[in-house]
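Q: Here are the chains, one letter per residue:
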Amino acid sequence: MKLAFSQSNNPQRQKLIKGLHTEARVDTYVKSGNVPLLKEKDSSIKTLAQLHSAFQTAIELEHSTIPPYLVALYSIKDGTNQVATQIIRSVVIEEMLHMILAANILNAIGGEPKINAKNFIPAYPGSLPDSDKSFIINLEKFSKETIDTFLKIEKPAHTNAPPKAKGYHTIGQFYQALMLGLEYVNDHTEGGIFVTDPEKKKRQVTQEHYYGSGGEIVPVYTIKEARLAIEEIVGQGEGIDDTIDDSDEKLFGQGIEYAHYFRFNEILQERMYCEKDTPKSGPTGEKIVVEWDAVHNMKLNPKIKDYQGQPELHEQAKQFNQTYTALLDNIHHACNGEPEMLMKGVGLMYQLKYKAVELMNIPFGDTGEMAGPTFEFEQPKK
Amino acid sequence: MTIQRSEKDLFLEISVYLTGFDEAELQGTGMVNTYYQAVLSNNTQPDVAYFFEMVATILQQNEGNEDALNKAISIHLMPASAYSGMAMNIINMWYTGNWGQNVVSGQAYIQGLIWDAAEAHPPGAKQPGYGSWAIPPL
Amino acid sequence: MKTDNYDVVVVGSGIAGAVIAKTLTNAGKKVLLLEAGLQAGIALDPEESYKTYQGYLETFYEAGAKVPNSPYPDLKDAPSINILDIVKLQKSNTPSTVGYLVQKGPVPFASDCFRGPGGTTLHWLGTTLRMLPNDFKMKTVYNQNVDWPLTYDELKPYYEMAELEIGVSGDVEEQKYPDIPKDFFGKDYVFPMEKIPQSYLDKEIAKKTDKLKVTLNRKEYELSCISTPQGRNSTPNEDYKYGSIVWDPSKKKLALKTQPKTYNPDGSLWDPYTGQRCEGNASCVPICPVQAKYNALKTLKKATLENLEVITQAVASKINTDDHSGEVTGIEYKIYKHKGSPEYTTATATGTIYVLAASAIENAKILLASNVGNTSDQVGRNLMDHLVLLTWGLTKEKIYPYRGPGSTTNIPTFRDGAFRSEHAAWISPLDNWGWSWPTFSPGSDVTNALNEGVFGKALRNRMNDLVTRQFLLHFEVEQSPDAGNRVTIDPQYLDAIKNYRPVISYGVSEYNLKAFEASKTVSDQIFAANGIEDHTVYNPVTDADYVTYKGQGYTFRGAGHIVGTHRMGFTKDDSVVDKNQRSWEHPNLYLVGCGNMPTLGTSNPTLTMTALTFQAAENILKQLEQ
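Residue numbers (my numbering), protein chains in the order written: chain Z, 1481 to 1862; chain A, 16 to 153; chain H, 114 to 739.
Misleading hints may appear alongside valid ones.
[Said to hold, decoys possible] Quick list of simulated restraints, FRET-style, between CB atoms: (1) 287(H) - 1843(Z): 50 to 56 Å; (2) 1623(Z) - 320(H): 51 to 57 Å; (3) 68(A) - 320(H): 54 to 60 Å; (4) 1769(Z) - 370(H): 40 to 46 Å; (5) 351(H) - 1769(Z): 37 to 43 Å; (6) 1524(Z) - 375(H): 35 to 41 Å; (7) 1701(Z) - 375(H): 14 to 20 Å; (8) 210(H) - 1560(Z): 42 to 48 Å; (9) 1702(Z) - 294(H): 42 to 48 Å; (10) 1529(Z) - 164(H): 51 to 57 Å.
Rather than coming from a laboratory, the hints here were simulated on the basis of the structure. No experiment lies behind these values; they were computed from the predicted model shown. From the three backbone atoms N, C-alpha and C, an ideal C-beta is built for every residue, glycine too.
Okay, chain Z solo, but in the shape it has when bound (with noise of 0.2 Å):
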């Protein structure tokens, strides 16, 4: 068994990076003044308040990931699924890097990231914010189903897919389009829209809060440190359409880092992706070990007001929402012109998983289910 957890930041990885279509359309659509298809294929982006707005919603849906990939996480009982826990755990953390990076962007072009307020928050069940409500994503133990939806949700854009900021089948798709977004109106606004005023540009959080896991936080100043984000964002998550089949590149094997769909994809088939592995064969490696029955049995989307007969676990989960809440203040005001704060969040972040395991070694009523977090707005005491 070779354990995943053998990548290091490489850049063999910027090969699935640059494989994606993001800059050749935007090169065909807008550098060679196909305006009118651009206008047909995307007309959603042309102002900077709707750029404002669909980078909020990059944030969102970048956040909306992650209390799923936590559950299904903490949900894997200790000492169990070693490379199944690994792998969603550098997931999370990037996914975590990706809503700074969208901040990053948002904060660059004038906008001010909201994260603390409670309509931030999704649902669960739900779908990905302004998406085509293709699927549904739950709260959710970890199990086949669980890791099946998280392919959905990191699934590649398909080569013939239009960019689409509403109602998008892929979260590819969405960056494309924001992407198209940033170009057009950037290039149709005098001056360009990227701050220059350096009080405003010190509110890019910088790498020097972020390890953990692969990829970088990359300040944004200009279209080329947008497009970067974007490309880190997108090639970090869902890698290439498996529609690609390029004998030239090798995608997979060890040293190289790839996308997270893959890495899900990993735990599904029970198998590492090799060398000689493309997107379409599928992982043929070593087989990896998941066990999954070594699960607590967390009841599916729990919400506080289950626990309303339960007063002692009521008030743990009610802690639980009230370090999530406080979690999410402390990166709204990292991404609000305070980014050193991002270390004190850190803390926070390990209190949100022993909080969690807690609420999964409580019994729900007499139903032989666990209880779970639920991940609410919750006001922290002051």
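Dock chains A and H against chain Z, hints included.
A: This is chains A and H only, laid out in the frame that chain Z set:
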């Protein structure tokens, strides 16, 4: 009418009063089963039976009156001479993960309540994250 | 790599051995490394290293007494010293034979180390202070102890190498020690990473301790509280420019090589993203679960593996020499088949140059067992440690100990000064882990409360009130070299595979006892200024290292700083090795490690020893390329 409670239920209920942690907090450690088994395996069967008989009695007699219950625990459970010091051992187990000098399990060490009481965490586990020590506990 | 033709044979894979193996193999030399510990522990690949390390961690969780060696295998074939075996010596002529050491006293040697892959860096605390310039010339400046044949300035470039190798986090600006020159650190020098955040406790205590004026022997001193540099990961310092240490064959020197990228903290052996920051496990000793703290296996992993052969479960027992030339011709070692096996086979490792890096006590033992390199009669002598006087008490407000690395702040005020003509110097680290060391808190606090009949909410409240206010202060006193404090061997004391057990004679000189008295005076003034209720108890009946001076009793503890058993010096009559760390008598034998240090100073010795080892590696490369 009182419902006949199992020894394990009684164990959890009396543990609340012995440790000062509520039921959800104790369950949250995930250790209830392990510790109940440790009580059974570290004591003689008669001691266990008499102990839980007394527990059932004092819980019932003092229901709703915490002061009276505490007094009863003090008199009937806490002395080292009572049930081979079972109550003291149970508290020590919840707080430190040890039965006497023996570590019940690695997980028992990690779940020791003493760390929670001390607003800390077990050394080597449940780490609070980079820089957390520079500010008071969350 | 399999060959009979090694350039260098190294004994031991602790930090000294690992630095030698890495530096030499990177320079293209063929190295054979003999390691006494178990095969599993040497694993450097993700899968196996993870498995082994999780095994250590689980053993630690399950250990009744979580002492420094508790996570690691204790082998009959290559025993480690265990501090649980340090017992009070009876006033008779029979030494204590409890555990691995044979202790003749008058007081027991109080420190342990780990014999196994990675050595004691697996459970070191990680403090990385440099020694002070005057530490190298104690005889000249204070007419005490001895001078080193090296100066601080000569060692300085190698300190920088050691700080890269270990990955030091610290703030150079805050490193203000008594009597140091302006250029103590080079111009614009920074550590690879920003300082480890100082604990909440540190900041609370510093409020009334930093700039506190204390009186000692009618002289006034102003205390300072400064951050402590340490070998654990924090935020990379963007101004740090070095990336590696390379051998320059044309200049015949080791040099720090710059790199354009920002320093990247070395994560764990199994995952580069784990351990990129200290996560506050508060268990640096005995084990850092995420390997954010440096250990020697990280260095070994950077060796050029095709030039390195490692044989584990191989206990070096004897050095063979050519009577005529004095050259070492081979090192005999015993291979045991599996843990605890009394059966072994003997083999001989041969190479051009030989390096002992087996720890101060083991190095001395091997030399004595071989009757090699001891014309000076200094082998095994001058055994030293920091004598740790602890004082503890309760603060008025909660300071929340048991969080963060063991120590993040120290009081450097008494590290140097004119008083060193009279009594030993010391450093005072503020301890972040409550009373755990002297009283086994908080477990013992629970026991005490239960014995008083306290239970329920009262117990929970008592623990909250008591444990959150526990403060512990160290006075780590520099032990002076004393010829009578020594390691010897005796055929009647052998281990399971018939190697010698170290026989230790050990005591404390008046120069050190005076420092205890002085320390306690300073402690009293710090406690008074902070309103700390003193709970210090030195127990004459139960404390193994209880000593008295002027009618007052003091208990000292070991710091795990085992130093001085094969000192370097100026002539073959006063020392075991020369300033190149080469045996005076055997031109192809180098000794490395803390055993070379003529004096201890007030810094934890690992950093200095690592600097010395880089220098030794350079000397070895020079000799090989002559």
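Q: Hints the structure violates: just list their numbers, smallest first.
A: The structure breaks none of the hints.
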